[in-house]
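Q: Residue strings, one per chain:
There are 2 protein chains.
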Amino acid sequence: MDFSDYVPSVSVDCVVFGFHQNQLKVLMLKLKHLNLWALPGGFIENNQSATIAADKVLKDRTGLEGIYQQQFHVFTDPERSQTSHIEQLISNDVLDKDVLGWFKNRFISIGYYALVEYSKVNKPEPDFLSEKCQWVSLDELPELMLDHEEIIKRAYVRLNQDLYQKPVGINLLPEKFTMPELQALYETILQKKIDRRNFRRKILSLNIIIDTKEKRMGSNNRAPIVYKFDKTKYHQVLKEGYHINLF
Amino acid sequence: MDFSDYVPSVSVDCVVFGFHQNQLKVLMLKLKHLNLWALPGGFIENNQSATIAADKVLKDRTGLEGIYQQQFHVFTDPERSQTSHIEQLISNDVLDKDVLGWFKNRFISIGYYALVEYSKVNKPEPDFLSEKCQWVSLDELPELMLDHEEIIKRAYVRLNQDLYQKPVGINLLPEKFTMPELQALYETILQKKIDRRNFRRKILSLNIIIDTKEKRMGSNNRAPIVYKFDKTKYHQVLKEGYHINLF
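Taken in order, these protein sequences are the chains called L and C.
Note that the first sequence covers residues 1 to 247 in the UniProt record's numbering.
Note that the second sequence covers residues 1 to 247 in the UniProt record's numbering.
Same shape as in the complex, but just chain L (with noise of 0.2 Å):
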């Protein structure tokens, strides 16, 4: 392989939500032949940004383009990267033993989360250096390489103070949805109940979701109102933020 097309000493990591049965799934990678897990990553080519070299990535495990991504901090500690997995790997013929040399390079690497719809990605894929990628529960996390589980507990940090100050659901919803369905989202990230009327409340004054007039049918006598996004008003909003108080 030949890492002279990327910008030595910097990568990219990605820490990939879905929403599902009411858990934050992450996307995460099992490296080949150990038991070990890695999130979704990759180096900066010469001529790119670092989140260009993200969207790459998350195109390449998820198959989707234009996933709402965002830059959340940088892992510089000299001390986060270690070669043994990489030597693991050489031995087990994963990987030819000249590219020990560009991963003995000290990485300082850029975090990035980004939202998806849970249902979308079909069929995640794994990378050279991992034999599946899939969604594990964010509380069920298996042992991680590197400074991975660091990373994936800062970008959970970063999105739950981002709940206060933009919207989030157009990404990890499905189109229509009930209020109880995007209070369970908010209360899955938060950890926390939050008061139903509050919630309602604060939730229709950002002028974000649409009535769309359907009910949702279910086995009790509740019928409650389906939900959409008003994509135009939702984006305008992200862009400016807000301040919520939730609780």
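Hints may be right or wrong, so weigh each one.
To be verified - Quick list of simulated restraints, FRET-style, between CB atoms:
hint, chain 1, residue 1, chain 2, residue 2, range
1, L, 78, C, 232, 30 to 38 Å
2, C, 68, L, 175, 41 to 49 Å
3, L, 239, C, 96, 43 to 51 Å
4, C, 64, L, 175, 50 to 58 Å
5, C, 96, L, 82, 36 to 44 Å
What the hints assert, rightly or not - Computed list of lysine-lysine pairs in BS3-like fashion (alpha-carbon distance at most 30 Å, straight line):
hint, chain 1, residue 1, chain 2, residue 2
6, L, 215, L, 153
7, L, 239, C, 25
8, C, 239, L, 104
9, L, 233, C, 166
10, C, 120, L, 104
11, C, 56, L, 56
12, C, 166, L, 202
13, L, 97, L, 120
14, L, 192, C, 233
15, C, 202, L, 193
16, C, 231, C, 193
17, L, 120, L, 56
18, L, 215, L, 202
19, L, 193, C, 239
20, L, 231, L, 176
21, C, 25, L, 166
22, C, 233, L, 166
23, L, 192, C, 231
24, L, 192, L, 176
25, L, 192, C, 56
26, L, 166, L, 176
27, C, 176, C, 166
28, C, 239, L, 239
29, C, 120, C, 104
What the hints contain is simulated information worked out from the structure, not anything from laboratory work.
For each residue, glycine too, the CB sits at the ideal point set by N, CA and C.
With chain L's structure known, arrange chain C on it following the hints.
A: Below, chain C without anything else, positioned relative to chain L:
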């Protein structure tokens, strides 16, 4: 100069905010012989984290240790690295021409914002590329090199967002202050008037300031209470974060 001790292709840039006479100021360097200004910045030693590198930049320029700083964004546009100012500094004998190789690297720069009490920075120190280091008003920025204006703008946006999620006053105000002075700091950063009673109520509810039992004697009949921060509670709240709605 020998750059082999530094991580290639990565730099740090620091936006140092100070508050003086109801204006937000930024610490800037004027390049030698050029009509061009720059942010304090530096490179990362091979065994250093970016945060430690930023600490060193802050100490070298201000003389102060332990300045509050926070990573806010990484600037990765491949077009951001230009060498025209370096070439001019070489032709003015400020730099030796053998440094050009290092500066011809594409640089990804990690942005930190720092908050410092204006009056503590008595004698800001220029670096080897600059002839002076001084405070500049945020609304009167001179011509800046590279993307440093964008870096300042982004830092300012992040500082704005952070006002809703964590306290900042201890870094920007003198030890003792009145409620109108604290409010002026918030209003200066946010560029908006805040309702006086609402502000007072929200700030007091955070439990981070203490009534010193002193009063500020002024020219009119009002003698506002003098407060100071409860350092223990302040740092606890800073760590935990919060969400307040200032308007």
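Q: Hint by hint, note whether the structure agrees.
A: Structure-based check of each hint:
no.	hint	verdict
1	L:78 with C:232: 30 to 38 Å	holds, 32 Å
2	C:68 with L:175: 41 to 49 Å	holds, 44 Å
3	L:239 with C:96: 43 to 51 Å	holds, 46 Å
4	C:64 with L:175: 50 to 58 Å	holds, 53 Å
5	C:96 with L:82: 36 to 44 Å	holds, 37 Å
6	L:215 with L:153	violated, 37 Å
7	L:239 with C:25	holds, 26 Å
8	C:239 with L:104	violated, 35 Å
9	L:233 with C:166	holds, 28 Å
10	C:120 with L:104	violated, 43 Å
11	C:56 with L:56	violated, 35 Å
12	C:166 with L:202	holds, 22 Å
13	L:97 with L:120	violated, 37 Å
14	L:192 with C:233	holds, 24 Å
15	C:202 with L:193	holds, 23 Å
16	C:231 with C:193	holds, 27 Å
17	L:120 with L:56	holds, 17 Å
18	L:215 with L:202	holds, 21 Å
19	L:193 with C:239	holds, 22 Å
20	L:231 with L:176	holds, 12 Å
21	C:25 with L:166	holds, 28 Å
22	C:233 with L:166	holds, 28 Å
23	L:192 with C:231	holds, 29 Å
24	L:192 with L:176	holds, 24 Å
25	L:192 with C:56	violated, 40 Å
26	L:166 with L:176	holds, 19 Å
27	C:176 with C:166	holds, 19 Å
28	C:239 with L:239	holds, 27 Å
29	C:120 with C:104	violated, 36 Å
In summary, the numbered hints that this structure violates are 6, 8, 10, 11, 13, 25, 29.
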